[in-house]
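Visitor: One letter stands for each residue in the lines below.
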Amino acid sequence: MTTINRQATPQEPQNPRDPQGLHEDLHEIWGNPRGLKALTIVNHTTLGLRFMVTGMVFFLIGGILAMLVRTQLAFPDQDFMSPDIYNQVTTMHGTVMMFLFAIPMLEGLAIYMIPKMIGARDLVCPRLTSLGYWCYLFGGIILMSSLVLEMAPNSGWFMYTPLSSSEYAPGLGSDFWLLGITFVEISALSAGVELVVSILRTRTQGMALHKMPLFAWYILAMALMIVVGFPPLILGSILLELERAVGMPFFEIAGGGDPILWQHLFWLFGHPEVYIIFLPAAGIVSTLIPVFAGRPIVGYGWVVFAIIVTGFISFGLWVHHMFTVGIPQLAQAFFSAASMLVAVPTAIQVFVWLATLWLGKPKMKLPMLWIMGFLIIFVCGGLTGVMLALVPFNWQVHDTHFVVAHMHYVLVGGMFFPLIAGLYYWLPLFSGRMPSETIGKWGFWLTFLGFNGTFLIMHWTGLLGMPRRIYTYDTGMGWDIFNLLSSVSGFIMSAGIAMVLLDIALHFRFGKPAKQNPWNADTLEWANFMPPSAYNFVSLPKIETRHPLWDDPDLPRTMAEGKHSLSVANHGRREMWGTDPITGKVREIIHLPGNSWLPLFAAMALAVVCISLLVRVYPLAGVFVIVAAVLLLRWSWENGAHPKAAPDAEVAPGDPPLHSRTMDGPGLWAMAIALLANGSFFLCYLFGWFYLWTVSPEWRMPETSPLSLIGLVLAGLLVTFGAGVLEKCVRGLRQKRDAGLAISMYSISALGFVQVAITLWVLLSANLEVTETAHDAIMMVGLVYALIHGGLGAILTLLQGLRVGYGYVGAHAPFEPAVVAQLWRYNVVTFWVLVGALAVLPRVIGS
Amino acid sequence: MTSNIERLHLTHPLHFVIGLTLWCIWFVAVYGGHAVACAVAPPAPEQGVFTLVNAMLLMVSLAATVLLAVLTLGCCREAKRHEGRLRFNAAVSAGLYLFSTLGVVFTALPILGIPPCL
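Here the protein sequences come in this chain order: A and B. My numbering numbers the first residue of the first sequence as 1 and each following residue consecutively. My numbering numbers the first residue of the second sequence as 1 and each following residue consecutively.
Bound-form chain B, shown alone (with noise of 0.2 angstroms):
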């Protein structure tokens, strides 16, 4: 159990991966959610960019991106406490969870602005 804790500390090396693991399932969740949402009730073409299907991506991107930037603060914050290992495995992961937290927003612009099923 106090393993399993510390393994949650923002300065274990786990964060290195985790991050980037929440924008792969993001990405899984987004493309797959946007490809299933078009063969089963695909929106009408003139409605355009306002759509149900536009709208839960942008929900989706909006709480991943919420998520990750948190824990880039929460990383930064760790990487200022510590010296040595510690702060070299919060500081990568703060850029790691950075780069993923921009990631989805970089990613998901195109909702913003092309209709789903066209």
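Just chain A, with the same shape it has in the complex (with noise of 0.2 angstroms):
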């Protein structure tokens, strides 16, 4: 049971049952309750839904925040606004539109449209999925409820220090933004680490790497950017929080910390995020432009290559955002080059989009309109890019509406035009019905006109030398009339989005009935009904080419008929392959688990948290944390054997086994990718540390140090050993042997405990003065650090032990310990990183 059936080749029935039988069989396992109980669904395609339709709330009110700024703006001194509001404004149209509205909507149009696309029923890990919308929500809404309440954050949506510290910046408004996107970054995370591990482990028999639809590609480097780029942000958010409510100088200069250690933990999350929110929409112009031209995308490598040099050079670019901090001229120049590379790959996808549209035989239906409207646009950004790459230049326009007019054509016309282009296209999928063409043409060509008529004039008022950020301007200064142009244009702009949302609203009534495979597309989502069930497919086909829809287009009717694979259901299991990452070979069956409360419950524990530490009622947030963290340890029990997860292990004949009962599951691919995330944290943690020990001007260590070598050295003896013996327990699972496993997994436990009472003596007897010097505040970040994995793998570990005595994990499913082993592994090597780094280095280097 234990081996991994890498060949199964699984049987296609012979004599499948009738096809309505057989959607009625899958609905009463997947299909989604009515009424209150709604909130537990878990399914992809209602999250997916609700995730975009939460967006676009939220994208409506970033837009009325922008039309605002721009009345302000519209004419010189004007006192529409007062100088406070406007910065509250500003600073919330930013964050609005790219934390609640850019990454979500692409994130929710992500979560709808991959498994669709690769043949699976669902996400790998759906209750996840839930979390992270309600997280999103409750985020967003505690967000926006600053704005209600006139206490907005106003210190720009990168939040620069000291502007951003509580010196000047008193009340909440800074701690509603460190808060509410530190909530919502969990969604973002989350969706990261499901996406991942879907893409690489749930996609149907035969779709290798090398015929996976280039969306997936394109999603599977967001979802990897996320997982890496999101976490120097939440450092940041922690630490300036922490700055702000206790006093923890580590951004204040006389307290030995530096203000520009946050420009660089926000940029190295902030110019990654451009290219998160880029990827996904070059993703639906690389779908939508070989569908339209009806021929395959030329240089489809040269895509996949164009993704992954994108993925990684833009983690290099982050410094030239700060080309006027102070940086010596030689890093300058390297971060100057770094951008100009990053140009190549984005060529390289604009050649192969024009080559493919120059080989085929383009259709200039509704939503190429828009994807033309993009390579305008985005063409002319990324050439101002390329023009803010070069240090002189950069320097003089720094800070002006240039800048502005560079990232709205980068932004809006590299994520937006496509998100329009590809809600258009899947419209249909939806919905079953087809959008107006007249009226969405009328939306289009308002659109662009108003966004060209108000941010191409930007670039001249900001030639001209006009600041990004001022509330009015004299009208001695030459700038009036660009900015009556501008404003004029915006709302030309609103009215073009207007008249696209009506068209989408009225379509779900009045639009025509959509054929099956209505654009006459490649690719398998639209193998669905129309618009799709919950479980999306009734039987998994076996995919031989990139194409498959267009190489056998009778592929949907079968499918619907269960003549594929998997079209079983009297088990009760929500089912779908576990494939192959690379040949897409079917290794195991993953079953799912239902519908839950358990991820609202928990958001709502979390949301408690959120507001008990933004009010500071520091006990109740810490109540609120034990809630949340006994609500997910429920969840994660119940898995694998547990009577509500899969009891028994009966499988088809031929078929291979479920996942829970081997020892290589997605649940290892998923902690395995949320340490990637988490291993991101911990090397900008270590960053932190070391920028300020090296460049902070008033950096104080002391001659001695405050720490126990001898505790750590204990503590990291005990945590070794402990990780030892549970990859001894896994060896042995490994070998179907499991006689001991609950001693030694209650022995791990008190090792894990043990461990975390030395380091806490650690940290209590260094008498660290966390609000006195930086020094003693990262160090105290450092050890906390140590104390929550520590005691995270210790009751993970004790978790296992009941499970074992309750028959949930053993020989016969050996898969859990193998996950927690890898939380070990990692607590291992951090923690001797730190005593490295906190505790050997400064006795060895000094101050």
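Certain hints may be false.
For each label pair, taking beta carbons as the anchor points, the in silico distance ranges come out as [said to hold, decoys possible]: (1) A/Leu802 with B/Val66: 25 to 31 angstroms; (2) A/Val53 with B/Ala55: 56 to 62 angstroms; (3) A/Met56 with B/Ala41: 52 to 58 angstroms; (4) A/Thr324 with B/Val36: 18 to 24 angstroms.
Partial chain B-side listing against chain A, Cβ under 7 angstroms, derived [to be verified]: (5) Tyr31; (6) Val36; (7) Cys76; (8) Lys80; (9) Gly95; (10) Leu112; (11) Pro116; (12) Leu118.
Think about it this way: if two alpha-carbon atoms lie no more than 30 angstroms apart in a straight line, the pair counts; the simulated BS3-like pairs of lysine-lysine are [claimed, not checked]: (13) A/Lys365 with B/Lys80; (14) A/Lys736 with A/Lys585; (15) A/Lys512 with A/Lys361; (16) A/Lys644 with B/Lys80; (17) A/Lys441 with A/Lys363; (18) B/Lys80 with A/Lys542; (19) A/Lys563 with A/Lys585; (20) A/Lys512 with A/Lys365; (21) A/Lys441 with A/Lys542.
If you are wondering where the hints come from, they were derived from the structure by calculation, not from laboratory data. Where is the CB? At the ideal position from N, CA and C, for every residue including glycine.
Got two chains here, separate frames each, mind docking them using the hints?
Guide: What follows is the structure, given as structure tokens:
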């Protein structure tokens, strides 16, 4: 049972049931409840739509804020808004558009589309999708409530210190931003982890990496970038909130901190963020252009190359946002060169798209109109991006409207236009109806002309010296007419967007019914029912090519008739394939959990934590941290061989085993990807420690380290020994040996708790003056990190011991200890690195 | 053990990320090393580019370039030897290694002309 059947060749049913009966059976298992129980839904289709609808609501709010800004700037010397309200409005416009619209909207599209494109029935961690949605919604509401309360953040969407620190931003504005955004980022990270694992492990049979739809490549890159790119901002937000709430001086020169550290942490996230937004949008373009050109994309391999290059190089550009802070010329030149490099993969994609259009027979349907708009606007934005990569030019236009114009050309051109193209393209799939070409074209032209009228002109006001984020200007500056034109055009653009939204809203009632696969597309999502069922496909096909629907137009019918694999539902489980990440060969059957209240309740508990921290009622926050932890542990309890998951392991003859009965389930991958995010957070922490040590002008290192080296070494030996014993247990399980497993788990857990106790003693005995020096403050953050991880490892191992007792874990279901072992391995590495960085190096090098 | 060796083979998709990971490590090493060198022992401005810092940065860049170039050639050879999936993997990896090689060369060019700590 524990052996992975890597050569499994699932049998296609000889006498499939009648399609209607199959549909009813699958609906019984996968169907969505109604009424209040709709809050328990974990299905990717429903949650993807919820993400997108919520994202559009936030987009409308962000758009109204933009119009308020343009109204204020339409004429010189306006007092339509006070300076403080203006600052709140501009800050919230940027924040809402970046964090509450762009990323969640694209994540929602990916959550909706990826399983359908890769021939799966759901994402691999459905409850995580649900938790992500609720965290997004609650975080967004918390953040937006600051606007209603007139205490919104007002330090700019990048929250530079010291402007956002308590001295210059008293009140709760910055706290709303820091806590709300961190809460929302739980959602982004959840989606990132599960999209990576889903794409790598749940593609349908035969869909090898080189046959994967390009959209899945783009989303894979985006998801990995989220996993690596978001933790720097999470760390920065935690440090800044600690500075504001407790007084730990991470960004305060006098305390040994440095405000530039915030800029590094923010832009380590912020620049990749631009590509996190661009890549999925480019994925839409690479999906639509071949369909409307009627031919395969030219240079599939080149596009894959460009995606991977973009994903990496975008992490090497962050300092180009900081060219004016006083960095040595040579360092600026490194980042200038790297910024130019990123134009190469972008240009490759543009040429691939043009070549595909050139060699095909493009049909200028409504989605293609938006794609053409994208090509024009995005190329212009890319060119001004290369201009900004040049240090001398960057110095000249830094913090002017030129940068605002460039940013909007890249983000609106690079994300919004492809997004609308994608929405129009997939609208028939969402609703089964076609949009109106007439209203849609009006919407496009108004948006396109309005956009260029607004932002092309801003390049000129920027070159004329108009700074960004000023709430008004004198009439003698020569900016009057340009600002008026910008504002009028902004309202034209708004009218265009309103027409698009009207078209989408009306089509649900008045749109013509769409025929199956209305655009003659090649990818599997069009093999769904329109609108799709909760389980996507009645049976899962074997894929031989990159264009399954072009090569076998009959595939939707045969899939719906259950003539392919996994069309059995009498076991009552939600099932789909677990396949090899490279070859697409079937390895196991993944069984998924059903609808659950736990994600909603966990998100509600986390929301209470967020609000308690905001109003500084720390005991309440502590209580709800425990409540959230208990809910999440309960969630982890209902897995594997638990009666609510998969109590029996029976599968059809010829089919591979259930994933929970192997050593190869997707949970291993999810833990690995989550640890990748965690590792990114940890590396940023180390960066912060060494950065302040090296650069901060008032850094104060004590003569002797306050940390007990003996205590830390002893704790390190315990965690290392515990991890070794756990590895031995996992090796035993691989060989179907589980004698003494429960005792071993309890013993390892005890080792973990002792390690935590010793680390806590080291922390308490160090008498750190965390509000006096950044040195002590950052040391404390490192030790608390070790404590949390040590505690988590100990608790999870304790639970494994209990699960062995209940019969949920053992030689018959050996999977879970291998997942926990990864955390212990991680804990060993990070603990020793911390000991080296915090306790050994200062002793060796000195202050 | 066998699967680990298979992962090292130049037709394995792990090479999609190794080249650019090496580029990132090189980039962080050069940027970080340069920052530390300037904080700890900044050379006199009148030395121009003929400093130990520039020399060390160039050495590191040269080593990264050679390593990446060798991997590029290796992947090119593998791409010619295979068809289908393995050819795709090796060819894309070769392109990515080549880009990483040129990326190191291009980004390191300023070391030849700019003094380190001005």
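Visitor: Going through the numbered hints above, which ones does this structure break? Give me the numbers in ascending order.
Guide: Of the numbered hints given earlier, those the structure breaks are 1, 7, 8, 10, 13, 16, 21, listed in rising order.
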